[in-house]
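Residues per chain, in single letters:
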Amino acid sequence: MLLLRQVTFYLAIAGFIGVFLLVRQMQQKPPSPPPAVEPARSPFAASVAATGILEAARENVKIAAPKPALIQKVAVEVGSKVKVGDTIIQLDDRESRARLNTLRAQIEALRAGLKADRVMQADAADQLARAAQLAKANVISVDERKRREFATQNWDARIAKSEADIAAMDAQLQQSQTEVDVLTIRAPRDGTILQVNVRAGEFAGTTPQEPLMILGEVEKLQVRAEVDEQNAPLVEAGRPAVAYLKGDTLRKLPLRFVRIEPFVIPKRSLTGDSAERVDTRVLQIIFELDRPEVPLYVGQQVDVFIERAPTPVAANPTTSPAKQ
Amino acid sequence: MYHLALKMLLGDRAKYAMLVGGLTFATMLMTQQSAVFFGLLKWTTSHLSNMRAKIWVVDRNVQQANELKALRDTDVNRVRSVTGVAWAMPIYVTIQSAKLADGNFKPIMLVGLDNTTLVGRPPIMLRGQLEDVRLPNSIILDELGIQRLSVGRAKPLGLGDTFELNDKEARIVGICRADRHFFGYPYAYSTYTQALQFAPKQRKMLSLVLAEPAPGWTAEAAAKQIQLETGMKAYTEDELFWSTIRWYFRNTGIPVAFVSIIVLGFIVGTTISGQTFYAFVHENLRHLGALKAMGASNGLLARMLLVQSFTVGFLGYGIGVLLVTLFGQVVLARGDPPFMLPWQLPAATFAIVMGICAFSALLGIVKVWKVEPAIVFRG
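First to last, the sequence lines map onto chains A and B. Using my numbering, read the first sequence as starting at 1 and increasing by one per residue. Using my numbering, read the second sequence as starting at 1 and increasing by one per residue.
Read the hints as simulated data drawn from the structure, not as lab findings. Cβ coordinates follow ideal geometry from the N, Cα and C atoms, glycine included. Honestly, I wouldn't trust all of these hints.
Stated by the list, open to error - Simulated restraints on C-beta separations: (1) B:P156 x A:E229: 42 to 52 Å; (2) A:R291 x B:Q63: 25 to 35 Å; (3) B:D167 x A:A64: 28 to 38 Å; (4) A:R251 x B:E169: 32 to 42 Å; (5) B:A333 x A:G79: 52 to 62 Å; (6) B:P156 x A:A14: 42 to 52 Å; (7) A:F20 x B:V263: 19 to 29 Å; (8) A:R24 x B:A351: 12 to 22 Å; (9) B:A351 x A:R251: 53 to 63 Å; (10) A:T280 x B:D167: 25 to 35 Å; (11) B:I124 x A:R24: 15 to 25 Å.
Sequences and hints are given; from them, build the entire structure.
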């Protein structure tokens with residue numbers, strides 16, 4: 001064949017083969033990579049998904065200072081178990097104590113004065129008794145006797161005043177004592193200190209950015225699940241749920257329904273920025289869970305799936321889903 | 001006789017080269033330009049090839065992958081709540097400028113992947129571990145990004161090197177291969193929360209939700225169910241691909257520019273090869289006349305001309321696509337300019353080239369049909 005002697009013929013054949021291979025090569029679409037970690041899947045046929053946060057079974061207590069003051073001593077550490085009434089933070093009470101001491105000294109002074117007055121009163125009473133006898137015998141004048149009588153009454157009145165002063169000072173002392181007591185922050189209930197945000201020497205304001213401490217019970221945990229308000233009608237009381245820890249999607253934690261919070265709140269941003277604006281409100285649902293073997297920490301985020309009644313499936317003329 | 005036809009064709013090297021060259025040029029122009037055009041269109045869907053997922057959930061008014069309207073954080077959970085969805089993960093896409101030590105800056109396409117599952121991750125890691133993206137301030141950059149950010153450095157950027165991303169330090173923990181974006185921005189991947197840290201604060205930061213249909217559900221059915229239950233727009237991968245391409249057809253002048261070049265290729269190819277073949281027939285009219293005088297029928301002569309014309313067509317097309325293949329291989333290795341060769345393209349070019357050949361042959365046949373065998377004896 002004449003054509004077989006032509007270089008152009010072989011070039012053309014090479015072209016055909018080349019383009020065929022190139023098209024084949026370009027058709028190959030790399031398979032979609034599987035997720036690095038198996039995503040959390042709902043075990044229910046139909047579910048409402050929510051983002052949850054682990055918290056202590058009774059809500060965590062954010063410890064606050066009763067009045068702005070310097071912190072003198074932090075009596076507990078993170079993880080300390082406290083009983084109700086235990087001192088946890090000692091605020092600076094030097095000023096209050098000084099005032100207390102002054103008042104005590106003043107009361108002592110008043111008591112001493114009262115004692116002196118009583119002596120004077122006894123003296124006056126004695127003189128009056130004697131003057132009365134002498135007056136009967138007409139040894140001294142009525143005028144003289146009357147003066148003695150008034151002197152006695154005067155001392156009586158002085159004693160009454162001193163006693164009233166002491167009572168008033170006592171009341172002041174008690175107030176100061178209360179002020180001193182208030183500067184000692186005590187555990188409002190039994191629990192574990194989950195977070196300590198202050199150290200001795202820092203100033204405790206009454207409206208701090210973060211609580212001074214967080215107190216909670218870690219023996220029993222609960223999940224606070226937040227559902228978008230648009231999905232709120234799908235949530236039914238009493239339905240079971242499961243939670244997956246972020247980063248551990250294989251172990252599911254079964255949850256038992258506790259209650260639905262009746263108040264819908266603005267969603268707290270998960271970026272943690274306080275200046276974030278919100279336009280979504282969320283319904284909060286509380287679930288309880290038993291402590292599993294995996295370590296759980298209060299404040300951890302979880303993905304929650306709450307069982308719900310299946311919704312009608314969109315009718316699809318061409319492709320009908322096998323299930324539902 | 002067909003052997004004679006080929007001999008006639010190959011006898012005149014200059015004409016032969018001209019004929020084949022013309023068709024080669026036409027083939028190359030049409031195929032290569034179309035391939036670049038398709039490649040460019042494919043670049044507009046680079047999000048789809050770089051973040052693979054069966055279902056893409058976006059705001060209801062989003063028409064294409066490069067114009068995303070932010071959703072609310074809780075919309076991920078709304079998609080997860082839909083019957084027929086196995087899982088749904090958030091993605092944050094943003095263009096941020098990466099600042100280099102020498103003050104130079106380059107925009108990059110930052111993609112935030114779900115922290116746990118890393119759904120939407122780059123398919124091919126060249127260096128480093130994908131899981132390292134979960135480390136603080138870390139980023140996985142694509143080859144293009146490395147190349148862009150390494151300009152002016154003695155040594156290209158490698159693992160552990162840092163640059164500045166929106167006033168925050170970003171550390172490269174991996175290098176991946178990703179398809180180019182239409183706007184030419186390199187892709188950088190980080191975790192979702194990390195991407196939110198890098199990006200300036202906005203009210204809504206969720207760009208889109210990637211979802212997977214539950215077992216027993218097709219992507220179409222699940223997408224439809226998502227639209228029904230959430231009111232958001234859910235595309236399957238293919239739907240979004242074509243929606244994006246349609247958007248660029250409707251809203252940009254790129255198709256017009258390319259189509260005019262392709263039409264030009266067609267006209268040039270037709271003119272050159274038609275004219276040359278006609279001239280070739282004209283020149284060989286004496287020989288054809290002689291054949292006719294010897295008793296060759298018009299039909300045989302026409303078939304001979306067709307053999308000549310289609311031979312030229314095959315050779316021209318073959319060499320043309322060979323050049324396109326070479327161009328394609330070089331371009332694919334470089335990753336730039338865009339190049340995309342679906343099977344329809346060489347097939348269509350082949351049909352067009354064969355059409356040109358048939359047309360040229362027809363011109364010749366008309367000429368031969370009318371020729372008097374006596375022409376041999378004249379002049």
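To see whether the hints hold, each was checked on the structure:
1. The supplied range of 42 to 52 Å is met by P156 (chain B) and E229 (chain A), whose beta-carbon atoms lie about 50 Å from each other.
2. Remark: the range hint 25 to 35 Å for R291 (chain A) to Q63 (chain B) is contradicted by a beta-carbon distance near 50 Å.
3. Separated by about 35 Å at the C-beta atoms, D167 (chain B) and A64 (chain A) satisfy the suggested range of 28 to 38 Å.
4. The hint said 32 to 42 Å for the Cβ distance between R251 (chain A) and E169 (chain B), and at roughly 35 Å that hint holds.
5. Here the CB-CB span from A333 (chain B) to G79 (chain A) is close to 59 Å, well matched to the stated 52 to 62 Å.
6. For P156 (chain B) and A14 (chain A), the hinted distance range of 42 to 52 Å is not satisfied, since their beta carbons lie about 36 Å from each other.
7. Between F20 (chain A) and V263 (chain B) the C-beta distance comes to about 26 Å, which sits within the given range of 19 to 29 Å.
8. Restraint check, R24 (chain A) to A351 (chain B): a C-beta distance of roughly 20 Å satisfies the suggested window 12 to 22 Å.
9. Against the hinted window of 53 to 63 Å, the Cβ-Cβ separation of A351 (chain B) and R251 (chain A) comes to about 59 Å, which satisfies the hint.
10. One distance hint, 25 to 35 Å for the beta-carbon pair T280 (chain A) and D167 (chain B), holds here, with the actual separation near 28 Å.
11. Separation of I124 (chain B) from R24 (chain A) is about 19 Å and conforms to the stated range, judged on CB atoms against 15 to 25 Å.
Of the numbered hints given earlier, the model fails hints 2, 6; all others are met.
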